[in-house]
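Colleague: From first to last, the protein sequence lines stand for chains S and V. If you're matching positions, the first sequence starts at 1 in our numbering and goes up one per residue. If you're matching positions, the second sequence starts at 1001 in our numbering and goes up one per residue.
Hints in this document: simulated from the structure, not taken from any laboratory. Hints may contain errors.
[What the hints assert, rightly or not] With beta-carbon atoms standing in for the labels, derived distance ranges:
| no. | chain 1 | residue 1 | chain 2 | residue 2 | range |
| --- | --- | --- | --- | --- | --- |
| 1 | S | F441 | V | G1152 | 30 to 36 Å |
| 2 | S | V704 | V | E1066 | 29 to 35 Å |
| 3 | V | G1032 | S | A567 | 43 to 49 Å |
Heads up, the beta-carbon is just placed ideally off N, CA and C, and yes, glycines get one too.
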Amino acid sequence: MPADGGIGAANKRREDVRFLTGKGNYTDDINVRGQAYVVFLRSQVANGVLNSVDTSAAAEMPGVLRIFTGADFVEVGGVPCGWCVTDRHGEPMQEPKHPVLADGKVRYVGDAIAAVVAETEAQARNAAEMIELDIDELPAVVDMKAALIDGSPKVHEELTSNLCYDWGFVEENKGAVEQAMQDAAHVTTLELVNNRLVANPMEPRVAIGDYDAAAGDSTLYTTTQNPHVIRLLMGAFVLGIPEHKLRVIAPDVGGGFGSKIFHYAEEALCTFAAKALNRPVKWTCQRSESFITDAHGRDHVTKIELALDADNNFTAVRTDTHANMGAYLSTFAPSVPTWLHGTLMAGNYKTPVIYVNVKAVFTNTVPVDAYRGAGRPEASYQLERVIDKAARELGVDAIALRRQNFITEFPYATPVAVEYDTGDYNATMDKMIEISDLAGFEARRAESAKKGLLRGLGVNCYIEACGIAPSNLAGQLGARAGLYESATVRVNATGGLVVMTGSHSHGQGHETSFPQVVADMIGIDPAMIEIVHGDTARTPMGMGTYGSRSLAVGGSAIVRATEKIIAKAKKIAAHLMEAADGDIELKDGTFSVAGTDKSVAWGDVTLAAYVPHNYPLEDIEPGLEETAFYDPANFTYPSGAYSCEVEVDPDTGKVTICKFSAADDFGNIVNPMIVDGQVHGGIGQGIGQALLEHAIYDDDGQLVNGSYMDYAMPRADDMPFFSVDHSCQTPCTHNPLGVKGCGEAGAIGSPPAVVNAVVDALQRAGHDVTHIDMPLSPNRVWSAMNKA
Amino acid sequence: MPQVEMTVNGKAVSAKAKGNTLLSEFLREGLGMTGTHVGCDTGQCGVCVVHVDGLPVKSCNMFAAEAEGAEVTTIEGMANEDGTLGVIQQAFQDNHGLQCGFCTPGMVMSAASLLAENPKPTEAEIRAHLSGNLCRCTGYHNIIKSILAASGQDAQGAV
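Working from the sequences, and respecting the hints, build out all of it.
Modeller: And the structure:
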């Protein structure tokens, strides 16, 4: 049976039926009887002293139940940060308090000042407009480098400066890198911007707080990627509610891409207000509000230097990055430019020494945190761009230069503290060359030229680190959470299974792919297996879904729990067949005694477990339910080679993506259809970053393109069909599935391919353009071509 | 509040609506039909597309009162009578044309309106037709494939 339904099968997604018929259950689809509505009054200035919030007129408005301000939260904890980075000098980062509602100061446009709860949303909105604010506006700090100049206005007065931390990695290598730069035959330098993005899942955030006064229990329905993390952060650090009195439910969630990992103040407010009012309280974020409250992504400014010897071997890499934190530290913000970025600066290459310096900076902007790839796209982009530039400066082939420097022996310990377990970078490069028909590029270029268009080819590699782990190492690096995953496998008496996972699906198709794993192990139809996720009351404590970790970590927990199930089931089968435990084999859902024709079916064993009349009660307990917590030994390291062909219109600077090819190594594959889809989506977001998207602040700290009217989301006609391939497979050596994770690859690998292609198109046309910052808008491309 | 009447997915319905109640709000809150989603507040994202008298409409950009007496079709009305997935819905499942599912109702309704007027659209025509429908999950690749498949065409060039 599992031959066409287990690991490796392109099973159609079972969750699609409800999504395609309007039967999904997203948070905004939930209405709790008696609910009231909350609307937030937000700061319209980026920096200011909040002298007073006069709610007296607003409180008299129709339908208003209660208005909360910062004063209501003075006794309550702030929104916590989940990662503490230690700086170059061994000091912890500067960590300002993040109040639920602004307390004496507003620090970015969108900072919540008051929350109005009313019978209807319209009444709450009308009342919010009646709140009188007395704010002394201060100059805004927007530019990161200006923010670090002495005398710059401070985002947080209680801090010594706007510098969150100055991180050096590996600090002990600093001198060796300096020496290598001096000794190099050639050093290529590139300064670039990794543009600020807004994650923009299509479902805006929603939170509903509910309170059961009789039991004293709080429930929060919320659009999160990790309900247990929210329960822990909000319960323990903000509101002081113990976990057994707090339930967090994340039902169907309409995309996350990182922005729904974090604990947001609105979640705490709704939970707090529901108890205070003894009524359910619902908040639905409007899109224009999500632009100024969802954590943004990227926003790095980097100088990278690549040193090469006379034979074009890479001898050192040095980077100097400013990373924007925004006005407050979002949940995992400090980890993104450091441990998720610096550790990837070796890329696919055997550079012997590397030094990464990152200055994280507070500004009067929306907090910045993980967005699909989180640190790794920034690492790949700068490295693959500087290699491309180096190849051009040296007059060597960009693919050959990469191949010459590839890591080819595994395991490989990089100079930036990680150990790659497996990979085959030449194989993915070969595959990319094949699927992209690189040999036909010149002919296609000639065709483009006939139309008056400039065709260019961009190639790059990437490596990422997924399934962030292990917990004890992450703890040493500053994580304030564990990074395991959990699963409970409950076998029912008649043989069906329920798998309760700490992972959360918000588009990844876990309800389809996870049963494939269990079905394969037991030898039963995946339709007998149900996945439960997204509810802290129904699943074991898990860390949720981000960092391409669900299958590698969550799937491994499911494997471990299923192994326990099988081990116990074999004992029961042995008893039923009067054989020794060690002689029992399980194949295609049937237990047999090796070397005999004795067998019992899966269902016979599961029934015996719950109707234990003929059962080894003296040895084992009745029932068939097991839990496993899996804490991985290492990251996983997917890698790949990507190529992009573009046409540039020389009259307008408009870039069209003609062809995009991705050859990835994700290790073993459970559902190839879902993997293809994950790569497509990542490439779509990467092309969006490269050509279209950019969250722009003016000098006053106003987000000038905070709507879909102005922020250029990629649309269907911005994309070609993609060629994706994942047939190169070097299985992960340290998880039981041999899987690596595929969720972020597309977003990591695609931006450098696009930019390399555009620079190539312009160079081939005789323009001395070595770099253009993303997004490569027609204006930027045309200006680069036509610079004086 | 006045009562607004219309036909939704072939059934006569009636619910209270203020003058400024949006059609999307009427469907979701008034009728409890939450298959139609709302993804933005500027009429740009297209997740709320429904058909009004056979034409695709962003239901967040139309007052419920404007649809008084109209024939409205939503995602809930796109399955076959026996409850199985309709041709377009089935093509989306077969081609993995959805991930998180949030934009999907609008995509299916826009696809239906395209195929009603152009039963064999080219890839470029499909992409152009979807310019008012945002998806953040799929890179559009499998959505285009799904619509080509629903129109009985191979997705040439799509791997």
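Colleague: Name the hints, by number, that the structure is in violation of.
Modeller: none
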